[in-house]
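The chain contents come next:
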Amino acid sequence: MTEIRFTVDGRPCLAKPGQTIVEAAKANGVYIPVLCHYEGLKPAGSCRICTVRVAGRYMAACTQPVTEGMAVENTAPDLEDMRKSLIEMLFVEGNHFCPACEKSGNCELQALGYRYRMLAPRFPYLWPVRTVDAGTPLVLLDRNRCVQCLRCVRGVRAKDGRKIFASVRRGPRVAIEIDHKLAAKLTEEEARRAMDLCPVGAILRKETGFVRPIGRRKFDHTPIGADVEKGIGR
Amino acid sequence: MPQAKDPVLRHPKDPSALLDIIRDVQAAAGHVSDQDIGRIAAHLKLAEAEVRGAVTFYHFFSLTPRGRSAVYLNDSITSRMAGRTAVARAFEEEAGCRFGEVSADGAIGLFPTSCIGMNDQEPSAIVDGVVFTALTPDKARALVRGLRAGTPARDLVAARGDGANQSDLVRSMVVNNIRRRGAVLFGAHETGAALRRAVSMTPKQVIDEVKRSGLLGRGGAGFPTGLKWEFCRREKAAQRYVVCNGDEGEPGTFKDRVILTELPRLLFEGLAVAGYAVGASTGILYLRSEYAYLRDHLEEVLAGLRRDGLLGPKAAGSASFDFDIVIKSGAGAYVCGEESALLESAEGKRGEPRDRPPFPVSVGYRDMPTTVNNIETLATAARILEEGAAWFKAMGTVQSAGTKLLSVSGDCSRPGVYEVEYGLTLADLLEMAGGTGAQAVQVGGPSGACVAPAGFGRRICFSDLATGGSVIVFGPGRDLFEVVGNFLEFFIEESCGWCVPCRAGNVLLRKKFEKIARGLASAEDLREIEEWGRLIKSTSRCGLGQTSPNPVLTTLKSFPELYQARLRKGAAHGSEFDLAAAVRDGCAAAGREPECKESLHD
Chain A
1 MTEIRFTVDG
11 RPCLAKPGQT
21 IVEAAKANGV
31 YIPVLCHYEG
41 LKPAGSCRIC
51 TVRVAGRYMA
61 ACTQPVTEGM
71 AVENTAPDLE
81 DMRKSLIEML
91 FVEGNHFCPA
101 CEKSGNCELQ
111 ALGYRYRMLA
121 PRFPYLWPVR
131 TVDAGTPLVL
141 LDRNRCVQCL
151 RCVRGVRAKD
161 GRKIFASVRR
171 GPRVAIEIDH
181 KLAAKLTEEE
191 ARRAMDLCPV
201 GAILRKETGF
211 VRPIGRRKFD
221 HTPIGADVEK
231 GIGR
Chain B
1 MPQAKDPVLR
11 HPKDPSALLD
21 IIRDVQAAAG
31 HVSDQDIGRI
41 AAHLKLAEAE
51 VRGAVTFYHF
61 FSLTPRGRSA
71 VYLNDSITSR
81 MAGRTAVARA
91 FEEEAGCRFG
101 EVSADGAIGL
111 FPTSCIGMND
121 QEPSAIVDGV
131 VFTALTPDKA
141 RALVRGLRAG
151 TPARDLVAAR
161 GDGANQSDLV
171 RSMVVNNIRR
181 RGAVLFGAHE
191 TGAALRRAVS
201 MTPKQVIDEV
211 KRSGLLGRGG
221 AGFPTGLKWE
231 FCRREKAAQR
241 YVVCNGDEGE
251 PGTFKDRVIL
261 TELPRLLFEG
271 LAVAGYAVGA
281 STGILYLRSE
291 YAYLRDHLEE
301 VLAGLRRDGL
311 LGPKAAGSAS
321 FDFDIVIKSG
331 AGAYVCGEES
341 ALLESAEGKR
351 GEPRDRPPFP
361 VSVGYRDMPT
371 TVNNIETLAT
381 AARILEEGAA
391 WFKAMGTVQS
401 AGTKLLSVSG
411 DCSRPGVYEV
421 EYGLTLADLL
431 EMAGGTGAQA
441 VQVGGPSGAC
451 VAPAGFGRRI
461 CFSDLATGGS
471 VIVFGPGRDL
481 FEVVGNFLEF
491 FIEESCGWCV
501 PCRAGNVLLR
511 KKFEKIARGL
521 ASAEDLREIE
531 EWGRLIKSTS
541 RCGLGQTSPN
551 PVLTTLKSFP
561 ELYQARLRKG
571 AAHGSEFDLA
581 AAVRDGCAAA
591 GREPECKESL
601 HD
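The listed protein sequences derive, respectively, from chains A and B.
Using our numbering, read the first sequence as starting at 1 and increasing by one per residue.
Using our numbering, read the second sequence as starting at 1 and increasing by one per residue.
Just so you know, not all the hints are guaranteed correct.
[As the list claims (entries may be wrong)] Mimicking DSSO-like on lysine-lysine, the simulated pairs with C-alpha atoms at most 30 Å apart in a straight line are:
#: 1; chain 1: B; residue 1: Lys236; chain 2: A; residue 2: Lys16
#: 2; chain 1: B; residue 1: Lys537; chain 2: A; residue 2: Lys26
#: 3; chain 1: B; residue 1: Lys537; chain 2: A; residue 2: Lys42
#: 4; chain 1: A; residue 1: Lys185; chain 2: B; residue 2: Lys45
#: 5; chain 1: A; residue 1: Lys181; chain 2: B; residue 2: Lys515
#: 6; chain 1: B; residue 1: Lys204; chain 2: A; residue 2: Lys42
#: 7; chain 1: B; residue 1: Lys13; chain 2: B; residue 2: Lys45
#: 8; chain 1: A; residue 1: Lys84; chain 2: B; residue 2: Lys537
#: 9; chain 1: A; residue 1: Lys159; chain 2: A; residue 2: Lys185
#: 10; chain 1: A; residue 1: Lys206; chain 2: A; residue 2: Lys185
#: 11; chain 1: B; residue 1: Lys557; chain 2: A; residue 2: Lys84
#: 12; chain 1: B; residue 1: Lys393; chain 2: A; residue 2: Lys42
#: 13; chain 1: A; residue 1: Lys159; chain 2: B; residue 2: Lys349
#: 14; chain 1: A; residue 1: Lys181; chain 2: B; residue 2: Lys349
#: 15; chain 1: B; residue 1: Lys393; chain 2: A; residue 2: Lys206
#: 16; chain 1: B; residue 1: Lys349; chain 2: A; residue 2: Lys42
#: 17; chain 1: B; residue 1: Lys5; chain 2: B; residue 2: Lys349
#: 18; chain 1: A; residue 1: Lys181; chain 2: B; residue 2: Lys13
#: 19; chain 1: B; residue 1: Lys45; chain 2: A; residue 2: Lys159
#: 20; chain 1: B; residue 1: Lys515; chain 2: A; residue 2: Lys84
#: 21; chain 1: A; residue 1: Lys181; chain 2: B; residue 2: Lys236
#: 22; chain 1: B; residue 1: Lys515; chain 2: B; residue 2: Lys557
#: 23; chain 1: B; residue 1: Lys13; chain 2: A; residue 2: Lys159
#: 24; chain 1: B; residue 1: Lys511; chain 2: A; residue 2: Lys84
#: 25; chain 1: B; residue 1: Lys328; chain 2: A; residue 2: Lys42
#: 26; chain 1: A; residue 1: Lys26; chain 2: A; residue 2: Lys84
#: 27; chain 1: B; residue 1: Lys314; chain 2: B; residue 2: Lys204
#: 28; chain 1: B; residue 1: Lys328; chain 2: B; residue 2: Lys13
#: 29; chain 1: A; residue 1: Lys42; chain 2: B; residue 2: Lys45
#: 30; chain 1: A; residue 1: Lys42; chain 2: A; residue 2: Lys84
#: 31; chain 1: B; residue 1: Lys537; chain 2: B; residue 2: Lys511
#: 32; chain 1: A; residue 1: Lys181; chain 2: A; residue 2: Lys42
#: 33; chain 1: B; residue 1: Lys349; chain 2: A; residue 2: Lys185
#: 34; chain 1: B; residue 1: Lys393; chain 2: B; residue 2: Lys211
Because the hints were derived from the structure by calculation, they are not lab data.
My request is simple: use the sequences and hints to build the entire structure.
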């Protein structure tokens with residue numbers, strides 16, 4: 001199989017045919033920030049934080065396959081500011097109270113906020129009224145923190161293939177719903193996986209919390225993306 | 001209940017039947033109950049949450065009762081300009097409930113709805129599937145009284161419209177308002193001539209003919225039709241599909257409704273030509289729910305075409321071209337006009353756009369190569385096959401060949417459809433339509449551009465004012481801030497909510513716009529709203545979000561003085577919070593003067 005040559009911010013990179021920009025960049029030690037993307041799941045392109053610019057056109061790097069000779073802009077200041085705007089949008093769109101959240105320190109939205117040095121969002125807070133669904137045995141669904149990344153919709157299925165999480169309504173009122181009948185049969189392991197899939201604190205395993213104390217969590221000492229960038233000499 | 005009659009069980013146990021089942025249940029029961037959700041999920045082996053997801057995506061489906069009769073009153077700006085507010089009040093008074101509610105006796109439900117394609121005869125409403133146009137407060141009251149007395153909506157239609165609207169299969173009061181007949185769509189033509197010529201050629205020759213004609217997609221995006229067909233044909237696949245996008249939802253457009261009413265044979269012939277060109281045996285017409293009243297008429301036309309041998313096995317006397325057409329219904333979602341969302345909906349799912357690539361020409365309906373073409377595009381393609389590429393190319397401009405069907409509405413004396421050659425100036429169009437003296441013209445609907453008089457010399461064509469066909473005229477007395485506010489509201493209502501910039505960004509954009517409209521903004525707010533608009537355009541996933549800030553951005557450009565006039569003079573920063581107004585009541589109660597007397601509103 002022939003490799004595809006492309007560049008990210010002028011840096012020569014190689015991709016395998018069919019690889020998306022995010023995957024190929026990662027393989028070359030280049031971090032493109034992602035939130036809805038999760039390795040192994042079909043990309044959704046919902047958060048748009050991975051937006052890059054190619055020949056003046058904006059595209060989601062998680063869904064766009066690399067093509068020969070593609071010159072990807074990844075860290076142009078205006079592009080980085082757009083990403084920061086999208087992260088800020090997510091903070092004002094939901095109700096995110098990091099200090100009280102079980103996911104703090106493991107939360108990818110919070111970690112992106114830190115990486116992008118977000119202080120006060122430029123947008124006014126929308127303070128939406130959202131509901132919590134504690135009606136299933138193992139899982140708590142807190143829509144206040146949901147970013148509609150659709151990872152749970154894409155990645156959590158019942159044994160017969162049915163979706164356990166689904167989107168309901170549309171537009172600003174869109175929300176994730178958990179199927180009570182199917183969720184009642186979730187095993188401990190599946191519930192854990194659902195929680196781990198969720199980039200924020202919207203899906204939590206009930207009856208447990210703060211097993212790993214704040215200060216010793218994933219992003220407490222290492223910024224998000226650092227694992228990808230380890231390959232680059234900086 | 002026998003299985004054949006049951007709205008759930010009579011459908012195949014195939015998830016692609018989901019929307020058809022929901023539609024039947026909604027029609028039978030007025031809503032989709034929890035019990036029905038469970039039955040549908042069991043029948044199709046889907047999660048109940050997923051069924052609920054589909055019901056709640058579409059405007060005309062509901063989990064709660066919508067009343068024995070449901071009134072959907074158009075909420076487009078043109079409806080408002082034609083007196084919607086008074087009509088809405090009359091509906092509310094007579095029904096005894098507010099919009100968004102069902103009357104206490106369960107008889108009448110009142111709901112607002114996005115543009116229903118009747119902009120030239122507003123205010124209009126869809127009542128139990130029947131269209132009522134040119135409503136007045138008196139007519140609204142009489143309508144509610146009739147419905148409450150148990151008269152079926154279709155029997156409350158006083159007089160039928162013109163043309164096929166009079167037929168017993170349509171029985172509609174809608175009028176066509178065909179103001180100008182051009183040579184292409186309204187030229188004299190013989191049914192079957194185009195398809196017979198096509199099947200006498202090779203598919204490649206058909207594609208080449210369409211390519212030579214320079215036909216560009218009429219839905220607004222302007223993709224070369226021949227090229228689209230060629231891409232689809234090139235894909236190796238067991239099956240290919242041709243789909244007709246009958247979901248014109250851009251506020252202010254209604255020209256496809258007129259084609260569906262008066263030229264359905266030409267349209268279906270165009271779809272068959274496309275099917276022959278790409279190598280499909282099935283064509284699908286995706287018909288927007290608002291035009292469901294035309295469905296029986298369209299089915300009868302299809303039956304006639306089958307009787308005449310233009311559809312079916314060995315269509316149009318060909319050796320081996322087997323082709324037929326099915327109609328699939330939408331259920332109230334503007335975003336389904338986006339081709340990949342349309343395909344999702346046609347497959348029975350929520351109408352959420354797909355990521356591209358892959359494009360529908362390679363992975364489309366049921367993952368097979370699929371072309372999606374606009375109604376007008378297909379009808380035009382049929383005429384090109386009938387008369388030849390050279391005939392077509394001689395009309396219009398070099399880059400924009402042929403004619404365009406425009407839907408003209410708003411402040412003009414002759415609203416309706418106009419078939420004009422590309423290259424016509426806006427000024428000439430306004431002259432034709434009786435809209436001279438306009439303050440502004442919205443070309444291409446909310447997702448298009450708001451043009452000031454200085455731009456009335458601009459031309460309708462792909463290289464200047466590209467449009468899917470919606471032209472709304474705003475006379476001198478209109479408040480453009482009300483127009484922009486209505487358009488922003490429309491995009492928020494119709495966003496699918498999948499991606500962040502469209503879902504959250506449009507709400508934030510409206511918030512900022514309202515601040516400006518209320519006179520609380522500084523110059524900094526103007527800079528920010530422009531920047532936010534560009535962000536939404538650049539990062540949104542589909543055409544809806546990529547155009548949703550246009551009402552703000554194009555009026556900022558065409559009418560900067562309107563925005564400047566609303567700014568707080570000399571203020572470096574405009575607070576959204578009006579302190580004086582907020583403490584006014586408290587101060588009055590305490591009987592003392594507020595310390596900050598100057599209200600920001602004054």
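Hints versus structure:
The hinted pair formed by Lys236/B and Lys16/A meets the criterion: a straight-line CA distance of about 23 Å does not exceed 30 Å. Our distance criterion of 30 Å between C-alpha atoms is met by Lys537/B and Lys26/A, whose separation comes to about 27 Å. Using a Cα cut-off of 30 Å, the hinted pair Lys537/B and Lys42/A holds, with the two alpha carbons roughly 24 Å apart. For a cut-off of 30 Å, the pair hint linking Lys185/A to Lys45/B stands: about 16 Å separates their Cα positions.
A threshold of 30 Å between alpha carbons decides the hint, and for Lys181/A with Lys515/B the separation of about 45 Å lies outside it, so the pair is violated. Restraint check for Lys204/B and Lys42/A: the C-alpha separation of about 36 Å exceeds 30 Å, so the hint is violated. At roughly 8 Å between alpha-carbon atoms, Lys13/B and Lys45/B fall within 30 Å of each other, so this suggested pair holds. Restraint check for Lys84/A and Lys537/B: the C-alpha separation of about 16 Å stays at or below 30 Å, so the hint holds.
Pair hint Lys159/A plus Lys185/A holds up; C-alpha atoms about 9 Å apart against a cutoff of 30 Å. Taking the CA atoms of Lys206/A and Lys185/A, the gap is about 15 Å. The hint holds against a cut of 30 Å. Between Lys557/B and Lys84/A the alpha-carbon distance is near 26 Å, which keeps this suggested pair within the 30 Å criterion. Pair hint Lys393/B plus Lys42/A does not hold up; C-alpha atoms about 44 Å apart against a cutoff of 30 Å.
For the proposed pair Lys159/A and Lys349/B, the alpha carbon gap of about 21 Å is at most 30 Å, so the pair holds. Restraint check for Lys181/A and Lys349/B: satisfied, since their Cα atoms lie roughly 21 Å apart, inside the 30 Å limit. Straight-line distance between C-alpha atoms of Lys393/B and Lys206/A comes to about 68 Å, which puts the hinted pair past the 30 Å bound. This hinted pair checks out: Lys349/B and Lys42/A have alpha carbons roughly 17 Å apart, not beyond 30 Å.
At most 30 Å may separate the alpha-carbon atoms for a hinted pair to count; Lys5/B and Lys349/B meet this at roughly 24 Å. The hinted pair formed by Lys181/A and Lys13/B meets the criterion: a straight-line CA distance of about 20 Å does not exceed 30 Å. Between Lys45/B and Lys159/A, the direct Cα distance comes to roughly 12 Å. Compliance with the 30 Å bound is thereby established for this hinted pair. About 23 Å separates the Cα atoms of Lys515/B and Lys84/A, which keeps this hinted pair within 30 Å; it holds.
Using a Cα cut-off of 30 Å, the hinted pair Lys181/A and Lys236/B is violated, with the two alpha carbons roughly 42 Å apart. The suggested pairing of Lys515/B with Lys557/B holds, with an alpha-carbon distance near 19 Å, which does not exceed 30 Å. For the given pair, Lys13/B sits about 19 Å from Lys159/A by alpha-carbon distance, which is consistent with the 30 Å threshold. The hinted pair formed by Lys511/B and Lys84/A meets the criterion: a straight-line CA distance of about 20 Å does not exceed 30 Å.
Taken as a hint, the Lys328/B and Lys42/A pair is honoured in the structure, with Cα atoms around 28 Å apart against an allowance of 30 Å. Among the hinted pairs, Lys26/A with Lys84/A is consistent with the structure: their alpha-carbon atoms are about 20 Å apart, no more than 30 Å. Using a Cα cut-off of 30 Å, the hinted pair Lys314/B and Lys204/B holds, with the two alpha carbons roughly 19 Å apart. Only pairs whose Cα atoms come within 30 Å are accepted, and Lys328/B paired with Lys13/B is accepted, the gap being roughly 18 Å.
Distance restraint check for Lys42/A and Lys45/B: the Cα-Cα separation of roughly 22 Å lies within the 30 Å cut-off, and the hinted pair is therefore satisfied. Of the pairs offered as hints, the one joining Lys42/A and Lys84/A holds, with about 24 Å between alpha carbons and a cut-off of 30 Å not exceeded. Our distance criterion of 30 Å between C-alpha atoms is met by Lys537/B and Lys511/B, whose separation comes to about 17 Å. Between Lys181/A and Lys42/A the CA atoms are separated by roughly 25 Å; this keeps the pair inside 30 Å, and the hint holds.
Restraint check: the Cα-Cα separation between Lys349/B and Lys185/A comes to about 25 Å, which is no more than 30 Å; the hinted pair holds. With a CA separation close to 11 Å, the supplied pair Lys393/B and Lys211/B stays within the 30 Å bound.
The structure is inconsistent with the numbered hints 5, 6, 12, 15 and 21, although it conforms to all the rest.
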